[in-house]
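Engineer: Sequence:
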Amino acid sequence: MKKKVLLVSSSGGHLTHLLKIVPIFEDWNRTWVTFDKEDAVSSLTDEQLVFAHFPTNRNIVNLIKNFFLAIKVIKKLSLI
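In terms of numbering that gives the first Met the number 0, the sequence shown opens at residue 0 and continues consecutively.
Please note that the accuracy of each hint is not assured.
Computed spacing ranges between beta-carbons, pair by pair [to be verified]: (1) VAL60 <-> LYS1: 34 to 44 Å; (2) LEU48 <-> MET0: 33 to 43 Å; (3) ARG57 <-> LYS1: 31 to 41 Å; (4) GLN47 <-> GLY11: 18 to 28 Å; (5) LYS2 <-> ARG57: 32 to 42 Å.
These are computed hints drawn from the structure, not numbers from a lab. Virtual Cβ for every residue (Gly too), placed ideally from N, Cα, C.
Put together the whole structure using the sequences plus the hints.
Structural biologist: If you want it as structure tokens, here you go:
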């Protein structure tokens, strides 16, 4: 059974940095959590994607939605 890794990032520069370490996890089952933005979608075409709620700055509703999304994703991947 392959190991699992959950990679979480906003789109843009943080995503670019995470993409640089993907070779480390080449043989792992990778799931990404990011925003549904063009740069993220185009960079992660063959990856498992979960889209977080955006915007997150000063948006309490999306903060709460993302909290419950995190629990759902972690449980689904059996990471807890």
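Engineer: For each hint, tell me whether it holds in the structure or not.
Structural biologist: Structure-based check of all given hints:
{"no.": "1", "hint": "VAL60 <-> LYS1: 34 to 44 Å", "in the structure": "holds (36 Å)"}
{"no.": "2", "hint": "LEU48 <-> MET0: 33 to 43 Å", "in the structure": "violated (22 Å)"}
{"no.": "3", "hint": "ARG57 <-> LYS1: 31 to 41 Å", "in the structure": "holds (39 Å)"}
{"no.": "4", "hint": "GLN47 <-> GLY11: 18 to 28 Å", "in the structure": "holds (20 Å)"}
{"no.": "5", "hint": "LYS2 <-> ARG57: 32 to 42 Å", "in the structure": "holds (37 Å)"}
In summary, the one numbered hint that this structure violates is 2.
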